[in-house]
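Participant: Respectively, the protein sequence lines represent chains V and H. Sequence positions in the first sequence follow our numbering and run 1 to 95. Sequence positions in the second sequence follow our numbering and run 1 to 486.
Derived by calculation from the structure, the hints in this document are not laboratory data. Just so it is clear, the structure is predicted and the values come from calculations on it, not from any experiment. Keep in mind that a hint or two might mislead.
Here are the simulated BS3-like cross-link-like pairs (lysine-lysine), alpha carbons at most 27 Å apart as the crow flies [stated by the list, open to error]: (1) H:K302 to H:K78; (2) H:K90 to V:K13; (3) V:K13 to H:K141; (4) H:K419 to H:K444; (5) H:K481 to H:K454; (6) H:K29 to V:K59; (7) H:K225 to V:K10; (8) H:K265 to V:K92; (9) H:K141 to H:K90; (10) H:K90 to V:K5; (11) H:K29 to V:K78; (12) H:K470 to H:K454; (13) H:K452 to H:K422; (14) H:K141 to V:K78; (15) V:K10 to V:K92; (16) V:K10 to H:K90; (17) H:K470 to H:K422; (18) H:K225 to V:K92; (19) H:K302 to V:K59; (20) H:K141 to V:K92; (21) H:K90 to V:K18; (22) V:K18 to H:K141; (23) H:K334 to H:K366; (24) H:K444 to H:K454.
Below are the chains, spelled out letter by letter.
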Amino acid sequence: MSLDKAAVAKIAKLARLKMEPDRQEPLASELNRILSFVEELQSVNTDNVPPMTSVTPMKLRQREDAVTDGGQPEAVLKNAPQRQGDFYTVPKVVE
Amino acid sequence: MAEKDYIQGATGPWEIVIGMEVHAQVSSKSKLFSGADTTFGAEPNHQVSLVDAAMPGMLPVINAYCVEQAVRTGLGLKAQINLHSVFDRKNYFYADLPQGYQISQYLQPIVGKGELLLDMPDGSTRTIGITRLHLEQDAGKSLHDQSPRESFIDLNRSGVALMEIVSEPDMRNSEEAGLYLKKLRTIVRYLGTCDGNMDEGSMRADVNVSVRKPGGPLGTRCEIKNVNSVRFVQQAIEYEARRQIEILEDGGKIDQETRLFDTGKGVTRSMRSKEEAHDYRYFPDPDLLPLEFEQSWVDGIKAALPELPDEKKARFIEKLGLSPYDAAVLVAEKESADFYEKVAKGRDGKLAANWVITEYFGLLNKSGQSMEEFVITAEKLGGLIDLISDNTISNRLAKDVFALMVETGKDAATIVEEKGMKQVTDTGAIEKVIDEVMAANQDKVAEYRSGKDKLFGFFVGQTMKASGGKANPAAVNELLKKKLAG
Chain V
1 MSLDKAAVAK IAKLARLKME PDRQEPLASE LNRILSFVEE LQSVNTDNVP PMTSVTPMKL
61 RQREDAVTDG GQPEAVLKNA PQRQGDFYTV PKVVE
Chain H
1 MAEKDYIQGA TGPWEIVIGM EVHAQVSSKS KLFSGADTTF GAEPNHQVSL VDAAMPGMLP
61 VINAYCVEQA VRTGLGLKAQ INLHSVFDRK NYFYADLPQG YQISQYLQPI VGKGELLLDM
121 PDGSTRTIGI TRLHLEQDAG KSLHDQSPRE SFIDLNRSGV ALMEIVSEPD MRNSEEAGLY
181 LKKLRTIVRY LGTCDGNMDE GSMRADVNVS VRKPGGPLGT RCEIKNVNSV RFVQQAIEYE
241 ARRQIEILED GGKIDQETRL FDTGKGVTRS MRSKEEAHDY RYFPDPDLLP LEFEQSWVDG
301 IKAALPELPD EKKARFIEKL GLSPYDAAVL VAEKESADFY EKVAKGRDGK LAANWVITEY
361 FGLLNKSGQS MEEFVITAEK LGGLIDLISD NTISNRLAKD VFALMVETGK DAATIVEEKG
421 MKQVTDTGAI EKVIDEVMAA NQDKVAEYRS GKDKLFGFFV GQTMKASGGK ANPAAVNELL
481 KKKLAG
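From just these sequences and the hints, can you work out the full model?
Facilitator: What follows is the structure, encoded as structure tokens:
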């Protein structure tokens, strides 16, 4: 698998990251180095091996349905760059 | 598919193909992965945990109740329950999605294939396939009309548990789509897994619409997002199908896209902002292990399910002698079905159904009250039906009594007693009335006897009128026939 400039630009756009065109080429080659490193794993045959989801013999922990959190708008909004009353405000999202 | 379902275009008939994705909010107290409250209508950002706001380091812990409700809903849809399912991240960027992804289920949902029966107006049923049901988080809410340059974000809804229920593209007209949504709502309300409140957004539908030449290959579909009532779903489909046919007949092609239904104008329009978002880059959420449970747990839930609308309908038809149509009307709301069963207990099932559906619902709707508020209880309506069954009053007179019951709040027996409305079954008394009617209409008697049998109805009417509506109609018929014959 290998990424070209266009793929890098597309991923940046999907993540809303601003990227100058002259950064695309170097970033593509950096990402490709990471990908080829990870691709070494492909040399292992994993046919009929179920995906490993945990390194410890654990089951998904579940909780009871009870209200135990919330009621803290100040904490939630503490780091908001902008707010209006108890709303976050962001640059207008056009529908 | 019947010809009547086709839309006639300039180049011949077209068939509509409809599938739906319904988001039903699980009626849980707290959110799917956090302990924040889900109650509707709170102050902005007052029901938000740091998990819902996606603060760094926060980890999701699943709500056991929500898992159980998804399984119950799956069982209600006669669906396959998957003992092993996986949560994935669905990645997209939007201002009201602080995580940058929605925790959802993709390749391995908690519920697989099932089915849902539509109750058609002619009393028949039609099966719509259910593709899957999965659990996922709701996003926050954006308000775009508060300021010219900013959008306001409220995360109260962020993280609320949704069941996304996906149908097969099995519907062929807007009526079926409406019935599908109504039936799904009925089922989740019977189960209590979702309150079905469309006004508060507890149920919302994404509608996939395409058109094709009858029997031809499937056309390109458009998805109409977030339609929040049965009526709007139907209007959106009607508009969208005609729009697509027009484009195709003009030689154009349909772009697969997301569209919005403008409820004010009754049209759908393209939502270009969502186009880029269709690359979701799903991958298993590393914060969550697979969701696993035992078949014995599922069996226990299944054994404890309440009687569901289809089973109730079948029982009403089989045990109480109702028509499929009447049975479907009564089971549509659990409250109505329970009311009917109380009225019908120990009485004639069909007579009770007629009274509940026609008279009771008629005056209830007119009153604008809820069933609980309405002055007529099941006991009171039952009392009225008893008076019909034992011939104290005729069915026709009973309607007047019923109106008085609604007006005064008194029970049927009291009203009949006070107003002297008791039906006359005493043949002697009825004969006397008939004699008077015949004496006053000797010319008509002669006509009748010379072969104009149509006049029989006239004599019945006159006799009933002269008796103040109290004469027993069957007795009147019988005695009149005898007397008129001479």
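Participant: If you check each hint against the structure, which ones fail?
Facilitator: 4, 13
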